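A.B. asks: From first to last, the protein sequence lines are chains A and B. For the first sequence, the numbering used here assigns the number 1206 to the initial residue and increments by one for each residue that follows. For the second sequence, the numbering used here assigns the number 1206 to the initial residue and increments by one for each residue that follows.
Since the hints were derived computationally from the structure, they do not count as laboratory data. Keep in mind the model is a prediction, meaning the values are calculated, not measured. Just to be clear, a hint being listed does not mean it is correct.
Given that identical chains are not distinguished, each listed pair holds provided it fits within a single copy or across any two copies.
Claimed, not checked - Straight-line distance between alpha carbons at most 30 angstroms, and here's what the computed DSS-like set of lysine-lysine pairs gives:
hint, residue 1, residue 2
1, K1612, K1404
2, K1671, K1212
3, K1471, K1344
4, K1279, K1265
5, K1471, K1432
6, K1416, K1646
7, K1361, K1612
8, K1455, K1624
9, K1258, K1212
10, K1207, K1279
11, K1625, K1361
12, K1484, K1344
Protein chains: 2
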Amino acid sequence: MKASIPKGTRDFGPSEMAERNYIFETIRSVYKSYGYQQIETPAIENLSTLLGKYGDEGDKLLFRILNSGDPFSKIQLEDFKKDEAYNAESLSRAICDRGLRYDLTVPFARFVVQHQNEIVFPFKRYQIQTVWRADRPQKGRYREFYQCDADVIGSKSLINEVELVQIIDKVFNLLDINVAIKINNRKILSALAEITDSKDKLIDITVAIDKLEKIGLDAVKTELQNKGLSNEAISTLEPILTLSGSNEEKLKTMYELMNGNNSLNKTSDIGLEGINELKSLFSLISQSNIRNTVEIDLSLARGLNYYTGAIFEVKALDFEIGSICGGGRYDNLTGLYGLEGLSGVGISFGADRIYDVLKGLNKFPKDLHSSTSLLFANIDDEAISYLLPVVSELRNAGVNCEIYPDKNKIKKQFDYAEKKSIPFISIIGSNEISSNIINIKNLNSGIQESFAKEDISSIIHFLLNK
Amino acid sequence: MKASIPKGTRDFGPSEMAERNYIFETIRSVYKSYGYQQIETPAIENLSTLLGKYGDEGDKLLFRILNSGDPFSKIQLEDFKKDEAYNAESLSRAICDRGLRYDLTVPFARFVVQHQNEIVFPFKRYQIQTVWRADRPQKGRYREFYQCDADVIGSKSLINEVELVQIIDKVFNLLDINVAIKINNRKILSALAEITDSKDKLIDITVAIDKLEKIGLDAVKTELQNKGLSNEAISTLEPILTLSGSNEEKLKTMYELMNGNNSLNKTSDIGLEGINELKSLFSLISQSNIRNTVEIDLSLARGLNYYTGAIFEVKALDFEIGSICGGGRYDNLTGLYGLEGLSGVGISFGADRIYDVLKGLNKFPKDLHSSTSLLFANIDDEAISYLLPVVSELRNAGVNCEIYPDKNKIKKQFDYAEKKSIPFISIIGSNEISSNIINIKNLNSGIQESFAKEDISSIIHFLLNK
């Protein structure tokens, strides 16, 4: 039998795990420093919880789990037949009640409703777990991957938004990745549709704005025309399409447009609300020592179907890749499960893309791969008896160390240390035993130091400070 | 729609997560101190990797994943029909190519074979991941749960066994659980069948020995008779059935039995080999400062179908529950995938049962639930502006703190701190701002201390040392 794993899934060996844990631990420590608390939800959810939450396309990408026992004995397969073919959707619903988690947001909404009486609101939770999507695998896209989400639910305060921007800034500072943090507000997008009399064309407008950089102003205008926007509407949008300058300048241009200074002489209340939110947010951001660029970007339209306020997206500046973090505010995520009126805001780090950025820019810390500090070579049983108490005291003091288990050639034992990036080796022979010492050799410099066997504290000090 | 999760699965809220992470982190830190390195394998494996590895019963407990796209369009359902019923097994094989991980051992064997050219042998790996079993859920038995495994593969040295015993001892010392570590050897069990001329009755013999404590000597003898063992065989086994005393005494009794001092006058080479292994192991253990009881227990027969040497099992002494850790040596785990001759030995901690023991004995550390050190109350925007730089410096120094996001009644903000077990609160009003101070109140003692706003290092020192 050939050893293999399904397409789109991955094994992670020790060095990849060390690198991945470095990313997860960085994100986790920053989440915790802001008071976010960890939860975990099951990988397996009821299909009724998942279906219909991610659009038709999402429903198709759900992994479904065959019911246990004999799922076929409980149904008549003929009932699902029409014109010689089986109705795959209703047949699979009949034999599959459960599916795999597709993201962390829907299970979180379900969790909040189910545990609303135990939860302390505002509820700041983080969650770092695997999700599964039956997507076509390609470079950088997997069927099984981690998401790293933080959300606060039950608070409308913009302090949450500014703290999420601080968290993003802090995580990428710690990881040494330069980023641009882009911010939009769904209310402003809605206002654009409103002041151009095109409420039904919200998505067309944002899709067109998104293409500006790629295809240029004239092509975007043509596209808007093709989508049915009037010339008047397009000329109203023009200040937005050519929006530039500092965040303050952008806010001023948008304010004028929303305040009636447009070809339709319309004032948009929701637009002014969105602008006020952005203003307050940037005022708080300016007091927050943020190191990375934070900029208004009206072309951000991610999660348009559920975000209702702020929208975030983060781009790496020195490496070509899609968004590496994103999020936004949603007003009614838990409404689906019967709990209305809870507003929330959250972000999600894309660990796999962040991994690619760190790899591409060679920014993983150098000492990540050496998890063992010292290898004791295995010469004979007498040496092992001599070593056992020393090894035990070193481990108790927090020094990770190993005894090479087999009495192999010393060359092989050195190879083992080298391949595992173990920096120190100790070879105990009859001389060391009779002089009651422990020799420790630095495998990089070749320098060897001797310690009295009883002087464990010096050995510990030596190893922990290297 | 009702918010619910499938039977046998669980949500873990913040306090359960803190308790569970305490267990996982304890196990992980001990594994690492012995040079074990982490790997992760995908949740989804090819069914061909999983099927046939856990017996017929195990095959039935595998969660199978419905193929994506339209799995029914590729098959003729009629082909699977016989006598008006569908053949569930072959039909489900036709529409499911993949399943969920059932344990961590088979995926580890698959991993070793697949990555044999990248792996440094002897390979010491640990793995803490979820597994899934379509078992009937009951108290303490779940369909989705974590396993915490460590295995070393590619070494026959008994140093590995003794280190695993040390790891078990250390983990339960750190968790403050008193345990008995029971050790058996498969070779001795084989020898019992050999010296009683009952090679085909190995399992019957071990099952009977296992019942000794429950049903008594006479009932066990009757059971062995019913299973077809001769009176001679049973009298040969009698010294084993009544085995008692210290480990040395047990070894001596077994040695005599295996060395021909039995009613058949048979000598068992494999039995003597097993006894020698136990002797060496106990000699190493006696040099290892093990704090818990380690005892020979011939009734241990877990994993009899693949263990070939040492067998381990751990029982909690002060709490009634099944085995909380177990493992053993296997000689040919990777043979299934075409890589022969690799011997390995490993253990697995049962995190859910350990959780129940710690809960039942009230042994979780008391400070596990407070993850935030300090809550800044939210009075007005001026106070927030005053606070933002302080909060940011505290977080940079490793103090987890929060700003209450909304301007709610102060009573509600105090409630929030109390429910989240936050020990300190700071309320900044116009007085504090005009005197340029930060007040910090201990919510348990009610004592309040004042710090100059600029004297961040004193605030940090105060909070980190409380």
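A.B. asks: Of all the hints given earlier, name the ones this structure violates by number, lowest first.
C.D. replies: 1, 2, 3, 6, 8 and 12
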